Amino acid sequence: MIDPTLAVELAYWQQTAIKTLAVMLVIPAGALILGYVFLMKMMAFMQSRLGPMEAGPGGMLQLVADGAKFIQKEDIFPARADRWVFALAPLVVLISTFLIFIVIPVGPDLVVESLDTGIFFALAVSSLSVIGVLMAGWASANKYSLIGGLRAAGQLIAYELPLVLAVVGVVIQAGTLNMQGIVAAQAEGEIFGLGAIGNPFILTQLIGFFVFLVAVQAELTQPPFDMPVAESEIVGGYQVEYTGFRFLFFFMGEFGTAFAFAAIAAVLFLGGWWVPGFDISDNALNWIGPLVMLAKIMLVAFVIFWVRFSFPRFREDQLQAFAWKFLIPLSLFNILATGILKVVF
Amino acid sequence: MSSSETDEAVEPVEADELRDGLVDAFRAELGDAVVGSHVEPGVDVWIRVTADAWRAAGEFARDRLDCTYFDFLSAIDWMPSPFGRDMDAQEDEASADGDEGAAVMEQGVAGGETRFQLLARVHAPAKGYGLFLKCDVEGDPPTADTWVPVFAGANWHERETAEMFGIDFAGHPNLIKLYLPGAFEGHPLRKDFPLLSRRVKPWPGIVDVEQMPGEDEDEAADAGEGAGS
Amino acid sequence: MTAVTDREQLAYIAAQAADSRVNVELDTGDMTLNIGPQHPATHGTLRIVAKLDGEQVVSCDPIAGYMHRGYEKLTEVRTYPQVTALVNRIDWLGSFANEVPFILAAEQLMEVEAPPRAQWIRTVLFELARIANISLFLGDMGAQLGAITPVFFAFRDRERVLNQIESATGGRFHPNFDRIGGIKDDLPQGWIDETRSVMTKMRTFCDEMEDLLLGNEIFAARTRGVGVIPGPVAQSYGLSGANLRSSGVDWDLRRDAPSPLVWSELDWKVWTHPDGDSFARFWVRLQEVRESTHMVDQMLDGLPAGPIMAKVPRIIKVPAGEAWVATENPLGEMGYYIVSKGDLVPYRVKIRSASFNNISIVPWVMKGVLVPDIVTILASLYFILGDIDR
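Chains as they are written, first to last, in my numbering: chain Z, 1 to 345; chain F, 346 to 574; chain V, 575 to 964.
I should point out that these hints are in silico values taken from the structure, not numbers from a laboratory.
Hints are not guaranteed to be accurate.
Rough simulated footprint, nothing fancy, chain V against chain Z, three-plus residues with beta-carbon under 8 angstroms [what the hints assert, rightly or not]: (1) 44–52; (2) 179–188.
Straight line, CA to CA, 27 angstroms or less: simulated DSS-like cross-link-like pairs of lysine-lysine [said to hold, decoys possible]: (3) V:Lys891 x Z:Lys143; (4) F:Lys472 x V:Lys941; (5) F:Lys546 x V:Lys758; (6) Z:Lys143 x V:Lys775; (7) F:Lys546 x V:Lys625; (8) V:Lys775 x Z:Lys41; (9) V:Lys758 x V:Lys891; (10) F:Lys536 x V:Lys891.
The model shown is predicted, which means the values in this text are computed figures rather than measured ones.
Glycine included, C-beta positions come from ideal geometry on N, C-alpha and C.
Could you put the whole structure together from the sequences, leaning on the hints where they help?
Below, the structure written as structure tokens:
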């Protein structure tokens, strides 16, 4: 990653350090933004209440205060818990989130590593979190956690398939797995010959977008797919024995992953950092790009969280039936249609 | 339509006939086992049977009188409380008559001979009437047949009656305590089981009387002091 | 005695414990799950011991009594007005409704009749108690199923009804307003118009709940066919209220039992549903709330003028006798059996509370359901702990 404005050649280790720092900052920052705007304020307004108002102006520092509170709590292990597995589980979840951000581009040159297997890599590492969830459910030595962990494993694995299949349609249209390549395909593409706004895949891959969002909702174990953490039944599921900073890791992992998936959705379907209709130089896009990405991420996250607090939750068997009997056939049909149209046109 | 404005002359005869008819049906079915009855015209009917016929009475009501709805089952302890009324202040007790609640055991509606009486109510939703069944239970512990084969809902009611009064229900599938912890000793609703809060701190007597609508405070204060007898 | 060192012994014991831990944790056949007494799903301190086989329930046993306050023993040392204050707290969401059957039974024994205006106001407050109670159920059932938003709307709109109850009686939750022979005070000025507008808002609330929950496919998928209770079983367990009517039994004490309260003078409908599943129970209660708002409107239009208290002596001594009055409370059928010996205090009061019977059916209805359905069925049966435990 070359800093274009400074036009200074940085050594490889300096670049890596900056990249690592950027990714490590983006996770908490993203989690904070999503958590505050959507979980606290939007949810509150939709439920005709105000949400946090005391900590900071309009309650903005509430999550920071929560984070500080979590960090200073006692580190408790349940007596019969498997200590190492118990301690590592939230780290596994968090690390899988970090790894997703390696391939997400926020500008023409602003990407940590522009892998040629970009989107494939992102989906692969995101499914590492299933291991973390299973570790947490098992190691807590608690029946509620075990039930939650088993439910989560079943759900997350079931919804990996629609997630991947939805992306296949995009890949067929873009012709590449590289994330920057997908953005370029949307920027320079045409819809049936009209190229004014390029080819944002949300228009041509509407079914894929829908399937992707539903699968993301399930991957994040958010309502209506939050059986693993169904609060009114199993009181937190696999997270129930976690307190203090370990719970903070789960929390950051959940919202960080939401941020990451919203970013992936923005790149795959909304055109990423590219702004349609203007002819802007690469240099300027390196500065505007992150802002554009942020706006698109907020848009996708709005939909995710809006669905979160509108629907009751599915029962486990209904959830699985929905994935296997509805989403997967739908996404297969989408691939078929995309392939045919791509060849014909 | 409350009982206060009905007397025999104005009362539609059907209600009387209906309830008298229920009593007659019981007598016809159970014969001598029906040892008491009471009809409150236009209001309700009580039928008292012997302990042997307790389950048969329930079955008869359910099968032949269409009383398929089980309301409740409980018991009454007719022994006057050895602790007195617990409602008098210490000063009033000295001046009170003293023979209120003396050792006379007097059962209520439909009579009775024993200290403990079972009380159950069943309904006929299709027909629109309900009836009370009473039964004397005796023995140590007082025993009666269980109603669980007749009405499944009697399960919990009998458990509560058993723990509160010490009545045993022969044939109950699971007669363990319902409300009280497993190691609890005694039967709280019996009259000789003390109410601890009154034993620990005696009642100071009625000191405040709420004003009737339209009165002033002096009258209320005057009336409050003379309360208790 | 073999020369086993302490160290070896400890190691052996630890290994055994580790083995058994693994076996216990892996044995998902016949696992015992304790739901409660502290749990978000139970409306209070109810404990459900469920034996599971994987995610299916093999047997389910509710353990009540964590909130048993000994009401029936307490009533034996309380005067009738004191019992009225006590009895508010049985079903604390629809409190006024608890007082009414007790007062009516005492009035029956005393052969006193409250004047018409008092009866009408009693009925208005009774229906307001029903609306307050059931509107919380509507939001809460959504919350039990995971829809976290409707419950806020329910609490917000229920506040309006509680405000009305408070302005008339002085107490949001525990009015303590009914007296033998009438009611405590007359209605404040402007109350009738305010209540009319609140009823309009509650009808809007019912429509919102219908849109948000009844119309939602996920809600329907979670509740249809779950926890089916056939009519005869419901009757033999003594279920009451909406639980009975949603199993197809057309029995409503407001219409079918004669009462001094004025339901027979209003134009209203009893709602039943043939299915007997959780969806039916929710549906029937929603319709009943709407029906109650219409009833309140009719009553406010037809409220007679007059005194609010009959002539009763200052110190109430109820003549000897036994009386039973049961009314259609928000939770179901609530009745009081008063045995009086002509004294200041009752001799025995048997309190028949609706939730006691409603929950006694849980072992029967939970056989073979999945763990999430436990919560759905409990939520749809709708109980208040104070009502079960008294």
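**Prompt:** Which of the numbered hints above does this structure break?
**Reply:** Violated hints: 2, 3, 4, 5, 6 and 7; rest satisfied.
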